[in-house]
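Take these sequences, add in the hints, and give me the full structure.
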Amino acid sequence: MALTPLNRAGLGFRRELIPALQQGVPPEIGFFEIAPENWAGMGGRSARTLRAFTERFPFVCHGLSLSLGGAGPLNEDLVRRTRDFMREHGMGLFTEHLSWCADDSHLYDLLPIPMTEEAVRWTAERIARVQDILGMRIGVENASTYIAPPGAEMTEPEFVRAVVEQADCLLHLDVNNIYVNSRNFGFDPHAYLYQLPLARTCYVHVAGHFVEDDGLVIDTHGSEVIDPVWQLLQAVYLQIGHVVPTCLERDFNIPDLHTLAQEVAHIAHLQREATAVAQRRAA
Amino acid sequence: MQAFQQFQHDMAQHLRDPHHTRRPAGVPRRRMAVYNELLFNNICGFVDSCFPVSRQLLGEARWRRLCRTFYRDWPLHTPWFREIPRELVRYLSEDRIAQPLPRWLPDLARYEWAELAVDVMAVNVSAHDAQGDMMQRPVLLNPARMDVTSPWPVHRIGLQWQPRQPQPTFLVVFRDAQLDVQFSEINAVTARVLALLETGLTGQQALAQLAQDMAHPDPPALQSFGEQLLISLREQGVLLGTLK
Chain A
4 MALTPLNRAG LGFRRELIPA LQQGVPPEIG FFEIAPENWA GMGGRSARTL
54 RAFTERFPFV CHGLSLSLGG AGPLNEDLVR RTRDFMREHG MGLFTEHLSW
104 CADDSHLYDL LPIPMTEEAV RWTAERIARV QDILGMRIGV ENASTYIAPP
154 GAEMTEPEFV RAVVEQADCL LHLDVNNIYV NSRNFGFDPH AYLYQLPLAR
204 TCYVHVAGHF VEDDGLVIDT HGSEVIDPVW QLLQAVYLQI GHVVPTCLER
254 DFNIPDLHTL AQEVAHIAHL QREATAVAQR RAA
Chain B
162 MQAFQQFQHD MAQHLRDPHH TRRPAGVPRR RMAVYNELLF NNICGFVDSC
212 FPVSRQLLGE ARWRRLCRTF YRDWPLHTPW FREIPRELVR YLSEDRIAQP
262 LPRWLPDLAR YEWAELAVDV MAVNVSAHDA QGDMMQRPVL LNPARMDVTS
312 PWPVHRIGLQ WQPRQPQPTF LVVFRDAQLD VQFSEINAVT ARVLALLETG
362 LTGQQALAQL AQDMAHPDPP ALQSFGEQLL ISLREQGVLL GTLK
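Residue numbers (the numbering used here), protein chains in the order written: chain A, 4 to 286; chain B, 162 to 405.
Mixed in with the good hints there might be a few duds.
What the hints assert, rightly or not - Which stretches of chain A does chain B cover? Using the computed rule of at least three CB atoms under 8 Å from a CB of chain B, they are:
1) 24-31
2) 43-51
As the list claims (entries may be wrong) - So the derived label-pair ranges between C-beta atoms look like this:
3) A:E121 to B:L404: 48 to 58 Å
4) B:T360 to A:D135: 38 to 48 Å
5) A:P258 to B:A259: 36 to 46 Å
6) B:I392 to A:P29: 42 to 52 Å
7) A:R83 to B:L404: 41 to 51 Å
In short, the hints are calculated from the structure, not lab data.
Every residue, glycine too, gets a C-beta built ideally from N, C-alpha and C.
Following this line, the structure appears as structure tokens:
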């Protein structure tokens, strides 16, 4: 199956949205993203529904359970089944989180990796193995965290850079995660951004979050994207100098499709703006 | 174990059992509470939606306690979220849970899970003739199917009624041609016929075997009754026809 270029704005594919999407996919939505853990290896109506969309739209595969930084053996069966799932639906990009979610047993959520040299080597080796099995480079996503594991030997941007360079993988940049962490740990998100290996960016996430009464920011993907996050996205596009496929994540309090499409349209707007700036610079 | 993995180990232990283990060193209480809440809510989200009846009958407090010991005690090796409810069913069936639970709960949970399992079950349907003579040819059972055999009438359990005495129950949960999940209550004889057909027998062979097992006084009558039964099961979608 031919892979459609992804250089546009996309939306996380969710079951709640399917009835509306079946009525018509808004033109702003250039691609969808799905988690293999939610969709691979299924039959029945789920499989038929997904097939109807993957035949018409490009999809990105975004993993949740690989536990790249986790102890215990890498789940190579999961990688192979993800590879088969991607082939089945013509998906050309796989990304996962720079985090861990399991030891020998799953915890089913994303947890921060202590930022040490040992952890860099451990994680980079696992990423390299995943790339070998998939036969392609993968994107690895900077995570949102609420704690800084003790014993860190480097800063977070240094950790991200060390892992992606050692693994020779790509960067999946989540600008909302940068913002969430900047609030929870008190740093300048723009300064942080420029320390990342942005030239390796293959894919971008934007999302909304929730602020608790005491100011702690929780990465819920449950509300609209706020201006400081849009500004970070703009900064990313201007810095990279070309458009990167960017997905809006919305997992809770899901509004109607029209509202989501407007946010996706804003991504596309920022992409066009950045392209125009890049063209002026080149001229 | 490498140094960074010690932290991961401590954190995992604490997430699984926050009330009986120490917070990992260097982690503030408030921040750890965020993770404890997020992860436990997450696992509850995966199981709650699959077991509405079980949850309602246990009540929120007992259901949450069950979810907690499940997350703490049961090894969760599957990376596939849809299989987490199956793991809860297995946990309940192991019967090593300290919490007092109704005797029928493991079976009720299995029945509730069967609906989800059959809905998303990936199957290969063998080549078959939907109109074939099921008496003369090996019969193809619908592969998108689970047979729920229980000492309890799990399909009747609800807020209004819970069984006091066992009552052997045979249910077939299957996906029909429209991909909807259907439930069919069958009797012990039909369950036995399905089991025999699944071994590759023709309808005639299965019914002859059944007549022998039952020491049936009139095997030809059983054959003709059985043929009607097979036709009815095919109309429902439990059987798909004859194998090619």
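Against the structure, the hints come out as follows:
no.: 1; hint: 24-31; verdict: violated (count 0)
no.: 2; hint: 43-51; verdict: holds (count 9)
no.: 3; hint: A:E121 to B:L404: 48 to 58 Å; verdict: holds (57 Å)
no.: 4; hint: B:T360 to A:D135: 38 to 48 Å; verdict: holds (43 Å)
no.: 5; hint: A:P258 to B:A259: 36 to 46 Å; verdict: holds (44 Å)
no.: 6; hint: B:I392 to A:P29: 42 to 52 Å; verdict: holds (49 Å)
no.: 7; hint: A:R83 to B:L404: 41 to 51 Å; verdict: violated (31 Å)
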